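There are 2 protein chains.
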Amino acid sequence: MNVRIISIGDELLIGQTVNTNAAWLGKELALLGARILEVWTISDDPKSIERALELNGADLILMTGGLGPTKDDRTKKVLANYFEMPLVLHEPTLAHISAFFERRNRPMLQANIDQALVPNGCEILANRWGTAVGMWFNAQGKSVISLPGVPYEMKGIFNEEIRPRIQARYSLNALFHRTIITQGLGESFLAERIAHWEESLEEAQLTLAYLPSPGLVKLRIGSYRGRSDEALIHSKIKELEELIPSLIVGYEEDTVASMVGRYLLEMGATLGTVESCTAGNLASALVEIPGSSAYFRGGLLTYQTSLKSELLDIPASIIASNDVVSETVAQRMAEAGRQRLKTDYCLSTTGIMGPSPGDSKEVVGTVWVGLATPKGLKTQKFTFGDDRSRNIEMTTLAALNMLRLTLKSEVNGNSAH
Amino acid sequence: MNVRIISIGDELLIGQTVNTNAAWLGKELALLGARILEVWTISDDPKSIERALELNGADLILMTGGLGPTKDDRTKKVLANYFEMPLVLHEPTLAHISAFFERRNRPMLQANIDQALVPNGCEILANRWGTAVGMWFNAQGKSVISLPGVPYEMKGIFNEEIRPRIQARYSLNALFHRTIITQGLGESFLAERIAHWEESLEEAQLTLAYLPSPGLVKLRIGSYRGRSDEALIHSKIKELEELIPSLIVGYEEDTVASMVGRYLLEMGATLGTVESCTAGNLASALVEIPGSSAYFRGGLLTYQTSLKSELLDIPASIIASNDVVSETVAQRMAEAGRQRLKTDYCLSTTGIMGPSPGDSKEVVGTVWVGLATPKGLKTQKFTFGDDRSRNIEMTTLAALNMLRLTLKSEVNGNSAH
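Quick mapping for you: the protein sequence lines, in order, are chains X and C.
The first sequence begins at 0 in numbering that gives the first Met the number 0 and counts up by one.
The second sequence begins at 0 in numbering that gives the first Met the number 0 and counts up by one.
Do not take every clue at face value.
Since the list gives no way to pick one copy over another, a pair counts as held whenever it fits inside one copy or between any two copies.
[Said to hold, decoys possible] Heads up, simulated DSS-like pairs for lysine-lysine below, C-alpha to C-alpha not over 27 angstroms straight-line:
{"#": "1", "residue 1": "LYS154", "residue 2": "LYS380"}
{"#": "2", "residue 1": "LYS70", "residue 2": "LYS154"}
{"#": "3", "residue 1": "LYS360", "residue 2": "LYS407"}
{"#": "4", "residue 1": "LYS141", "residue 2": "LYS46"}
{"#": "5", "residue 1": "LYS360", "residue 2": "LYS141"}
{"#": "6", "residue 1": "LYS70", "residue 2": "LYS237"}
{"#": "7", "residue 1": "LYS141", "residue 2": "LYS26"}
{"#": "8", "residue 1": "LYS237", "residue 2": "LYS374"}
{"#": "9", "residue 1": "LYS374", "residue 2": "LYS154"}
{"#": "10", "residue 1": "LYS237", "residue 2": "LYS154"}
{"#": "11", "residue 1": "LYS26", "residue 2": "LYS380"}
{"#": "12", "residue 1": "LYS70", "residue 2": "LYS26"}
{"#": "13", "residue 1": "LYS237", "residue 2": "LYS360"}
{"#": "14", "residue 1": "LYS237", "residue 2": "LYS26"}
{"#": "15", "residue 1": "LYS46", "residue 2": "LYS374"}
{"#": "16", "residue 1": "LYS76", "residue 2": "LYS154"}
Keep in mind the hints are simulated off the structure, nothing from the lab.
Note that the coordinates shown come from a computational prediction; the quantities given were computed from them, not determined experimentally.
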């Protein structure tokens with residue numbers, strides 16, 4: 000089953016909105032066993048939408064966008080014309096829209112009522128989250144699904160109305176893929192180290208993709224023959240585990256934060272953060288993991304320099320003589336945090352994210368990370384670039400990874416006893 | 000100048016990576032005056048890349064991805080074949096790659112040396128950030144640029160090597176667009192309110208797009224005739240400002256956090272946060288704004304319930320009798336934060352993000368936001384859904400917006416005196 004995803008909207012083309020819908024749909028469709036031929040992001044003018052409908056080669060076309068109540072929403076009209084299905088009033092949809100506005104105590108406008116007009120002959124996919132229904136067309140030798148572009152409406156309709164229909168209507172071998180997360184070698188060195196193993200994958204007609212991200216390289220092994228290759232892929236992963244045991248740090252959807260969480264749960268230990276330059280981004284990454292409240296107690300955000308003295312009792316003279324971005328300040332922050340938050344571990348960050356150097360004499364991109372543990376203090380210096388957002392992101396990842404490595408060696412050390 | 004963006008990589012199709020590169024390139028190219036015909040995201044197999052090269056209708060094709068040192072990187076070979084340019088060693092690139100590895104004290108592998116092989120006849124676009132060079136092909140009636148997919152390498156090459164060449168080689172009328180940010184009316188109600196004005200845009204051959212996001216609707220007015228329409232668009236914005244003065248909250252790249260920052264700077268006031276359920280996400284959104292250290296002092300992340308007593312002196316009995324997610328606890332948090340952080344304003348969040356209800360008896364999605372101000376306390380209750388990430392995001396936006404509205408009325412109130 001070959002699927003083409005069509006994302007409609009000028010805001011996507013000119014980058015005002017990042018196309019997260021296509022990524023989400025691609026993931027869900029691939030898990031169902033569909034092969035994503037391509038994602039085509041197009042303008043919301045009628046001609047572009049028509050041209051996208053005419054393109055052949057896909058068993059199913061899944062469109063998002065252009066179904067809202069305003070004049071720049073043209074998808075429904077184009078579909079009605081293309082499939083020669085005149086727009087007619089769909090009473091259940093009108094009732095749903097009326098109830099939607101009644102519940103919110105808002106008057107209904109003509110534009111909202113018009114959303115209950117649907118092409119006569121398409122299948123209606125109910126939208127419990129908004130007023131634009133989804134539509135499934137089976138005509139002129141084509142299967143086309145049209146969904147609103149608002150992400151949670153699109154996801155809701157997909158989950159409730161589309162996934163079950165795809166499973167019932169198509170016989171699919173789910174794409175089977177497994178992801179191994181490595182850390183410690185860059186992409187090309189890792190490739191050299193596992194070259195023979197990679198060749199054996201090719202012989203077995205399995206695919207391998209390298210997915211580098213800051214500090215990590217993910218390896219994705221896949222087969223388009225579906226779940227029948229599960230055992231084969233499993234045996235290849237075993238081989239890899241024997242080949243590079245120390246480099247494998249996780250599997251599938253693992254993140255550094257989820258690995259940290261697993262170690263802390265295993266140890267029954269608690270964690271806190273004292274953040275300056277990351278200002279909550281580090282804690283935020285930790286609590287993205289459901290269940291993190293079992294080990295993450297909380298944190299102190301000492302963003303302004305004076306708060307480091309007021310909340311953590313680090314003397315202003317020590318900050319002044321060492322620089323606010325220094326090993327000493329990172330140590331003091333982690334130490335004070337561990338005491339005040341009453342945790343086993345405490346991470347601290349202090350650095351200059353840019354564009355201006357703030358209170359520090361260091362250059363933009365300089366970061367010190369501190370880690371207080373039951374066994375003592377660790378620190379590490381990092382030098383990143385001059386992009387503020389990226390510096391915050393890299394500092395967060397560096398701090399999490401420093402903690403991960405420390406916890407890993409403690410868990411392994413303990414289990415050896 | 001019509002541009003087609005081709006994003007290469009299976010990881011994009013199956014949603015392991017969100018296509019942020021295309022959004023960035025779309026924005027930059029649109030600002031240069033190019034019209035983005037479409038973004039085509041394709042598999043990294045050679046046939047898909049060849050098919051993408053054969054498609055006509057674009058003056059320039061900009062490809063990203065598939066230039067790494069590993070076997071799943073096939074773009075360069077496909078381009079060399081397509082343009083019939085054999086791969087030859089490019090000495091300056093080899094020197095750059097050697098220096099790159101020397102600086103990092105790492106040995107160079109054959110795969111890295113091979114990255115200095117380039118199609119004979121294309122223009123080389125230097126990559127100061129990595130080892131995969133960019134390439135510009137002008138042959139067979141086509142202009143094709145190929146860039147690595149690593150975002151900061153791609154951006155670096157675009158900024159230094161591509162933008163100046165595009166400006167020199169094409170005569171462009173930059174796409175002129177202006178964005179007005181509104182708050183207070185949903186998309187369809189806003190459309191009804193400004194219907195006449197919208198019709199006058201159509202008569203003037205200007206485009207209007209509605210870009211709804213949680214709590215806000217952005218209006219983008221554009222012209223493909225470029226900067227010559229600047230005065231026309233400006234006059235249309237003036238008309239809109241007279242039509243809906245109280246609904247316009249910002250312009251262009253404004254975010255709720257940047258608007259909050261402007262008000263605080265204008266008032267010379269300071270801000271702190273006491274976060275439970277958002278656990279740093281709120282502070283993180285505030286410090287995304289460069290210069291935020293002038294008004295954002297810092298925060299307290301009292302994630303576990305017991306920390307609310309230990310750090311903020313909220314008696315456990317009060318938490319137990321009111322529920323940890325309650326108006327009283329949100330008030331106490333904001334009040335204690337304002338005192339401890341010594342700020343003029345302090346925002347607090349307490350809620351249940353899911354999947355489990357934690358220490359609260361409320362349902363997942365329930366949130367209380369508190370705001371301590373020099374004039375007293377405010378609270379607001381919100382009910383979101385059952386998606387953890389979305390709940391955190393919505394709570395952050397709700398808290399920022401509550402602060403924005405408060406600051407707005409204070410600034411306006413003060414200026415009336």
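Tell me, in ascending order, the numbers of any earlier hints that this structure violates.
Numbers 3, 5, 8, 9, 10, 11, 13, 15, in rising order.
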